[in-house]
Amino acid sequence: MVVASIVAFVGALTAPWLHRWLGSTAGWALALLPLGLAVYFASLLPDVVEGQTLRHSLAWVPSLGVNFSFYLDGLSLLFALLITGIGTFIVIYSGGYLKGHPNLGRFYLVILLFMASMLGLVLADNVVTLFVMWELTSITSYLLIGFNHSEFRSRRAATQALLVTAGGGLALLAGLILLALMGGSLEISELLGQGQVLREHPLYLPALILVLLGAFTKSAQFPFHFWLPNAMEAPTPVSAYLHSATMVKAGVYLLARLQPALGGTEVWSSALMVFGLATLLTGATLTFRHTDLKRLLAYSTVAALGALVFLIGLVPLTDYYAAMGFATFLLAHSLYKGGLFMAAGAVDHEAGTRDINQLGGLFRVMPLTGVAVVLAALSLAGLPPVLGFIGKEVLYVAALQAAPAWMVGLAVLGFAAGAMLALLLVVPFFRGQPPQAVHEGPPSLWLGPLVLAGLGLLLGLFPGLYNPLADAVASAVKGKAVAYHLKLWPGFNLALLLSLLTVLLGVGLYFLYPRLQAWMAQEPIPGPENAYVALLRGLMRLAAGVERLLQSGSLRAYLVWTFGGLVGLVGLALFHGGVLLWPAGASSPKLEQVLLLALMLLGTIGALRLRSHLAMVVVLGIVGAGVALVFLLQNAPDLSITQFLVETLTAILIALVLLQIRNIGSVPRGRWLDKAVALGFGSLVTLLMLGVLAQPLELHLSQFFAQKSLPEGFGRNIVNVILVDFRGLDTFGEITVVGLAGLGVWALLKRRQREERP
Amino acid sequence: MNTLILKTTSRFLFTLLLLLSVFLLLRGHNEPGGGFIGALVAVGAYALFALAHGLSAARKLLPLPPLRLVGWGLLVALLSALPALLLGQPLMTGQWFSLLGVKVGTPVIFDIGVYLTVFGALLAAIFGLEEAAHHPSEGA
Chain A
1 MVVASIVAFV GALTAPWLHR WLGSTAGWAL ALLPLGLAVY FASLLPDVVE GQTLRHSLAW
61 VPSLGVNFSF YLDGLSLLFA LLITGIGTFI VIYSGGYLKG HPNLGRFYLV ILLFMASMLG
121 LVLADNVVTL FVMWELTSIT SYLLIGFNHS EFRSRRAATQ ALLVTAGGGL ALLAGLILLA
181 LMGGSLEISE LLGQGQVLRE HPLYLPALIL VLLGAFTKSA QFPFHFWLPN AMEAPTPVSA
241 YLHSATMVKA GVYLLARLQP ALGGTEVWSS ALMVFGLATL LTGATLTFRH TDLKRLLAYS
301 TVAALGALVF LIGLVPLTDY YAAMGFATFL LAHSLYKGGL FMAAGAVDHE AGTRDINQLG
361 GLFRVMPLTG VAVVLAALSL AGLPPVLGFI GKEVLYVAAL QAAPAWMVGL AVLGFAAGAM
421 LALLLVVPFF RGQPPQAVHE GPPSLWLGPL VLAGLGLLLG LFPGLYNPLA DAVASAVKGK
481 AVAYHLKLWP GFNLALLLSL LTVLLGVGLY FLYPRLQAWM AQEPIPGPEN AYVALLRGLM
541 RLAAGVERLL QSGSLRAYLV WTFGGLVGLV GLALFHGGVL LWPAGASSPK LEQVLLLALM
601 LLGTIGALRL RSHLAMVVVL GIVGAGVALV FLLQNAPDLS ITQFLVETLT AILIALVLLQ
661 IRNIGSVPRG RWLDKAVALG FGSLVTLLML GVLAQPLELH LSQFFAQKSL PEGFGRNIVN
721 VILVDFRGLD TFGEITVVGL AGLGVWALLK RRQREERP
Chain B
1 MNTLILKTTS RFLFTLLLLL SVFLLLRGHN EPGGGFIGAL VAVGAYALFA LAHGLSAARK
61 LLPLPPLRLV GWGLLVALLS ALPALLLGQP LMTGQWFSLL GVKVGTPVIF DIGVYLTVFG
121 ALLAAIFGLE EAAHHPSEGA
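First to last, the protein sequences are chains A and B. All the letters of the first sequence, read from the start, carry residue numbers 1 to 758 under my numbering. All the letters of the second sequence, read from the start, carry residue numbers 1 to 140 under my numbering.
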């Protein structure tokens, strides 16, 4: 499993080269990577359905308990199969859809990197590994949404998706760390056994909220749903793969994964059911505003994600129906939605439009895509004999068993919108005339939709094929073994009646749709996206304000802020810390000290009175030299030499800089603020020194270095031994900074010269 | 700057200061001195020479451009940290051996890296500023 993950990442990195060598057939060749992985995961099926779990671990930071550990049970296996299986067709499809695109090589790279990260996410056992993979999927998603980066809308949608999902990711990180601290382990497999401890912990609620924030943002739950429809700016393979079948289900995956540990409390169930249902209805309602195929599908994805979250909330309340419904509906949705997206892309690719009002008669010219759409739409509508029907049936049974009646009613309404959408999608294939010169796309464009939709039909007709894996998935979500017999025909019951009602309502909505659409598309509906925009705008304005204040471009202002801030903050700490002390038993000063002090004071006064900048620098040098002499008197020759040299070179540097400024004039009088800050800083340092001297001298470290310097560092100069040996790594960091600063000065000067001499 | 005294004395001072700088560098492990201080002295020597004889004359006395020296310095410092890893010890553990009766160790090599980096970076700044001083511009 570790190897599979590494193969996925390394394979992704070879994509651009393969693309260059193979040209337009690269899609088919690259599809071998996800296909191979899918076969590998399929080979693990027999073990997993028997209830075995596989665990592999690679040490990463063992001292902190952070490992690259992977865990495979029914739930992760289903996701791994979806990711690699659908990934295979997506890669093939991309080759046809983006044929001839100049950046196709990069596209392959990023989409395969996404696949690898997503695999890592669903296989991860360690919460740190999970988090890293989680963020990697956010970043690759950002790159893919913004693939057409010359378009402003793409860039905006990409940024929005990144900010929302990565922001939630931060909350998730905090939540996961809290869980790890509460449960005493970073491994999810161990946390799952600690459910009792976690649920009764006083930090349960904060941890839960943080985890939910992460999951809800990622899986586009209300009120964070708005980024997903906007993400439709991405090329269609991305929408089909990331934004319907896999990435947006990461949040759902996480909730399902943690269900046995965190579920079972009232707040868990009610939060998931309420937000899930709200999302389902939001997605269903907003469907009515659009006529664009991809947008319609995006809102239906939002609705489906809501339904999945709703189901996870139901899991602890029902014996096994909700878990089973989750397992079935998840697969059904990934199959039909991935297929529908790819088909929509194919139609767009061939007909040049995605507006359902302008499409017609497509079945005659695109029969294979048509078959795929009809089969997938059946699943979307929840009609027999496809898998979507079974998924929705079990969902209804679970809801009837444990959810209040009004929730069931709202769920039926939400699904009715799905049924309406299915009709909307199918009708353009049969009614009207096909646009000019439209024909079926190449195999790469229809293979994926056909296979995915066909799988939905196959599993619908023979649910027994999926039953063992569904049991394993449901067991993982439920937290204990589940065995349930999936049937296409459950017999007459209330759920079947609800299904019938859903379809009838859907047909009714279909006839209302044209009028509703015209009415709803008219006015912008205020939603959470407005809050996002306002927040972002406020942040920008704040940043601009702070920048005007702090980064005014005047060196003097910078110094005032830096030193003024230092005086204020450290002064406050001094005051509160109560370290304003006078050292006891200070010795009376010696003659040479008094003389030195007088010399330095003279320098200071001179600097204050002089009006020439250059003269000021020289006179200030007296103060510096005085300090160096003080060091010398205190038996610190090292410090003294350094001080002398630094003082000299500083004088040279400042003089050189001053020479550059032609109209510098003389130092103006006044400048009371500058003087106050300077005086404040001087007083602060004095107070600090006095405070330090008043404390008993801590000789622990000095003694350590004095003792160890010669025997362990082979040097008698303690200062130097500390610099190059004991604290060598610090020094290395420091000289790196010095080197970079030199480079920076050089670059700035070069730039200015080039600007002056074009 | 065009004074005979400075021009004449700077030649001697330059050599003396450079010798002093290397002396400080090498004895640093046992007596006051070290790579940082040594580098500062060397920068002083070059800055003085450039003042007296002009920038191009000073540049000719450099084996490599200042920024290249920075690169080499960092590389030398980094390389001195690695032998310990090969011996299975923590990074930067000092390795000492005797060469013709003189004790040599990786910390000394590290100090030479410090010397080169500090020397190169400061000299890059001073030479750059001095070069720009011949093309002063308006305002700040």
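No wet-lab data here; the hints were simulated from the structure. Note that the coordinates shown come from a computational prediction; the quantities given were computed from them, not determined experimentally. For each residue, glycine too, the CB sits at the ideal point set by N, CA and C. Be aware that one or more of the hints could be misleading.
Said to hold, decoys possible - Listed below are several chain A residues computed to face chain B (Cβ distance under 7 Å; list not exhaustive): (1) 469; (2) 714; (3) 738; (4) 739.
Said to hold, decoys possible - Here are the simulated distance ranges between beta carbons: (5) 695(A) to 87(B): 37 to 47 Å; (6) 618(A) to 62(B): 48 to 58 Å; (7) 98(B) to 664(A): 23 to 33 Å.
As the list claims (entries may be wrong) - Covered by chain A, according to a simulated footprint, are these stretches of chain B (three or more residues, beta-carbon under 8 Å): (8) 12-22; (9) 30-41; (10) 78-92; (11) 109-122.
Practice item. Could you tell me whether the CB distance from residue 618(A) to residue 62(B) stays inside 48 to 58 Å? Key: violated (28 Å)
**Study point:** Outcome of range test on Cβ distance (residue 98(B), residue 664(A); 23 to 33 Å)
**Key:** violated (57 Å)
**Study point:** Coverage claim, chain A over the stretch 12-22 of chain B, checked by counting residues with Cβ within 8 Å (three needed)
**Key:** violated (count 0)
Review point. Is the interface hint for residue 739(A) satisfied, with its Cβ closer than 7 Å to some Cβ of chain B?
Key: Holds - the Cβ of residue 739(A) comes within 7 Å of chain B, reaching about 4 Å at its closest.
Point to revise | Verdict on chain A covering the stretch 109-122 of chain B, criterion of 3 CB contacts below 8 Å | key: Since 9 is at least three, the answer is holds.
**Study point:** Status of the hint placing residue 738(A) at chain B (closest C-beta pair under 7 Å)
**Key:** holds (5 Å)
Check your understanding: Between residue 695(A) and residue 87(B), does the beta-carbon spacing fit 37 to 47 Å?
Key -> holds (42 Å)
Check your understanding: Do at least three Cβ atoms from the stretch 30-41 of chain B come closer than 8 Å to Cβ atoms of chain A?
Key -> holds (count 10)
Check your understanding: At a threshold of 7 Å, is the proposed contact between residue 714(A) and chain B supported by beta-carbon distances?
Key -> holds (6 Å)
Practice item. Would you settle whether the hint for residue 469(A) is holds or violated, based on the nearest Cβ-Cβ distance to chain B being less than 7 Å? Key: violated (48 Å)
Check your understanding: Can the stretch 78-92 of chain B be counted as covered by chain A under the rule of three residues or more with Cβ-Cβ separation shorter than 8 Å?
Key -> holds (count 4)
Hints 1, 6, 7, 8 from the list above are not met by this structure, while the remaining hints are.
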